[in-house]
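Colleague: Sequence:
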Amino acid sequence: MNQKPQPVSLIIMGKEYRIACDPEEQDDLIHSAQQLDVQMRKMRDSGKITGPDRIAVMAALNLAHELQMVKSQNAILNQRLSECLTKMSHKIENVLENP
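Okay, so the sequence shown: first residue is 1 according to the numbering used here, each after it adds one.
Source of the hints: derived by calculation from the structure; they are not laboratory data.
Here the structure is a predicted model, which is why all the values come from computation and not from measurement.
Some clues are possibly wrong.
Said to hold, decoys possible - In silico DSBU-like cross-links for lysine-lysine, where the CA-CA straight-line distance does not exceed 30 Å:
(1) K42 to K15
(2) K87 to K42
(3) K87 to K71
(4) K15 to K4
(5) K15 to K48
(6) K71 to K48
Could you build all of it, start to finish, from the sequences and the hints given here?
Modeller: Structure representation (structure tokens):
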């Protein structure tokens with residue numbers, strides 16, 4: 001049963017954000033906010049990027065790039081798994097047809 005979204009308080013770079021979220025997704029949201037906070041603080045502390053807007057955009061781009069890489073790797077692994085399962089299925093069929 002879906003519950004009504006509840007407000008969750010998140011702190012990112014010292015600033016509080018209240019986000020409505022389904023209760024079953026709160027842990028993932030909190031973890032995501034913590035990950036974003038860490039990445040943004042690293043960028044700020046490096047001194048290479050200044051201004052919260054630029055830091056936020058660069059952090060978003062980095063996280064989007066990481067997500068894209070994981071999706072690409074996942075697609076490759078899914079293809080390999082599918083090929084292995086097809087080969088195994090053919091071997092099983094051959095064994096069952098020719099005992």
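Colleague: Quick check: which numbered hints come out false for this structure?
Modeller: Going through the list in order, the structure violates hint 2 alone and respects the others.
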